[in-house]
Structures are given as structure tokens and as C-alpha cells.
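With the hints as constraints, model all of the structure from the sequences given.
Residue numbering for the sequence shown follows the working numbering, starting at 114 and increasing by one per position.
Hints were generated in silico from the structure; no laboratory data involved. Please read these numbers as outputs of a predicted model, since none were measured by experiment. The beta-carbon is built from N, C-alpha and C at its ideal position, and this holds for glycine as well. A couple of the hints might just be wrong.
PhoX-like mimics (lysine-lysine), calculated; alpha carbons at most 25 Å apart, straight line [to be verified]: (1) Lys298 <-> Lys195; (2) Lys348 <-> Lys304; (3) Lys278 <-> Lys298; (4) Lys304 <-> Lys290; (5) Lys246 <-> Lys195; (6) Lys246 <-> Lys348; (7) Lys375 <-> Lys348; (8) Lys278 <-> Lys290.
What follows is a list of derived Cβ distance ranges for each label pair [stated by the list, open to error]: (9) Val141 <-> Asp272: 45 to 51 Å; (10) Arg181 <-> Gly345: 46 to 52 Å; (11) Gly250 <-> Leu312: 35 to 41 Å; (12) Leu265 <-> Arg185: 17 to 23 Å; (13) Asp131 <-> Arg238: 42 to 48 Å; (14) Gly289 <-> Pro362: 30 to 36 Å; (15) Gly322 <-> Gly353: 29 to 35 Å; (16) Val141 <-> Gly354: 48 to 54 Å; (17) Gly193 <-> Lys290: 57 to 63 Å; (18) Gly354 <-> Leu251: 21 to 27 Å.
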Amino acid sequence: MYDVFQTDRLIDLWLAEDIGACDLTAQVMIEADERGAFTMNAREPIVVAGIDIAARVFKRYDPDVDVRVLVRDGDRVAKGAKLMNVSGPARSLLTAERTSLNVLQRMCGIATLTATYVEAIRGTRARLIDTRKTTPGLRMIEKHAVACGGGLNHRLGLDNGVMIKDNHIAVCGGIGKAVERARRKLPVLTKLEVECDRLEQVREALDAGVDVIMLDNMSVPAMAEAVQFVAGRVKLEASGGIRLDTIRPIAETGVDYISTSKTHQSAPAVDIGLDETA
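Right, here's the structure in full:
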């Protein structure tokens, strides 16, 4: 999902933000030739995401740091699991520590929460997908974390597909007219999705020949009716107000996808520590 070039640009920004002019504590306390060795540990059960990015933070700050990654993205690990060993110049290890932990704790938090949502709909046909409601500047890594937790990515950006929402429909004068406009210039391999909040709109969207219909903030009975009416002719996405305590009944209606921003916006950072290697 992410590439090294973009990741390095992010890491440089993160390090510059945290360090400022210098790590004053390390500079005044730690001699330049002192060495250190530390192990990154999971302090609670987690789904791993971003381990290579966290490792790269150390190498980006100081290429002389030796990093040994012990797990892979997508792994489910128990409390106490060793995630990474780092050794080398003590100043560098202590300076880069917080940035590395911050990004890993955030990404693992998203992956772990995503896995909880995925488990809640296991056994149904529905697949969990994310949204564009990501932290500005961090979309690439947050969507990667969702994938590590077993979810699917919706649009990566506005250029990834056509999503006709209520305001587009209002400007165009109806779903049929909006779809007609979009089809005139739509690249042939690009999908077109329409947001519907009423069953009559679902019928209109189906008649207009869309690829995906989003059932936005519909009740569970209304979603079930939409599934019966569409009868597999296009994909159906349920969205709006999705929570862990409501997702199972929605999945059981037979929708193909369920999208939620909760995996990004509500994910707590998990507890990961960097401790001196015994």
C-alpha cells in the first residue's frame, strides 16, 4: 500500500517535528561513543501494522543503527511479544524512539480495531471497508493498517472512482441526470457509485446503470428490502452510523460491503514499549 519514497518524506517530517534543533537530553547526557540495545515489546494483544515503517524511522535517523524486525504486518501477537530489536549509537536510539513508537502504536491500534470489526461480521457475505475520513497526511499508512486488520480499502483519494453523493445529485437535478453526466467522461475501467438514503433512490440508481449503490443511514429493514430488490444486480454498500454494536445485523441483511470511519477515527493507540534488552 505504501512506498518507501513517500514513507521517507513522512518520517523526515515526523523526526523534524519531534527533535527540533536537537535532542537536548541525549546530547547533554549521553556520550557520542556510547552504545545501546533495546527491544520493542507489545504490552497488550495486538494486530501488527507498520512494523517496517517503525523500523525505518531508526534507520532514517541514523543508518548505523542495527534493526532486527521480529514480526510481520498482519500478525496477531500476544501481550509480551517481542516486535523488534534495535542496537547501535545510544544517542540515536533514544532520539528516534518516540517517533518510532508513535507511528507503530497508531497503526497497530487501527489494525487491532479493524480486526475486531471484521470478526463481528464473520460468517456473513459482507466485507468491511474504510473511508476517506483519515488523519490528513497519514491516509497512506492508516489505510495500510486497515488492510493489516483484515479490512478492505475504499477510495484512496478522489481520483480513485466516482462517488455521486446527495449534493452532486442536488446540483444535477436527480440521480438519473447525475449518472448520465458522469458516464459521458468516465474512464472505461472506473466504477461509479451512488449514495442513496431512500428505497426509491435505490430503484432510480439501479435503472441508471450504476456499479455500486451506497445505502446511506438506512434502517436495517430498509437495507434488507433493498438487498431483495437489487437481487445481486449491483454491489450494495451499507454506510452511516456503523458501530461495533450495530454492524452484525447490518451484515446479516446481505449487503456486500459495510463502510465505517470508526476504524480510523476511534482507534486507540495500543501499548507498545521500548525496553533495554536483557
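Among the hints numbered above, which are violated by the structure, and what are their numbers in rising order?
1, 5, 15
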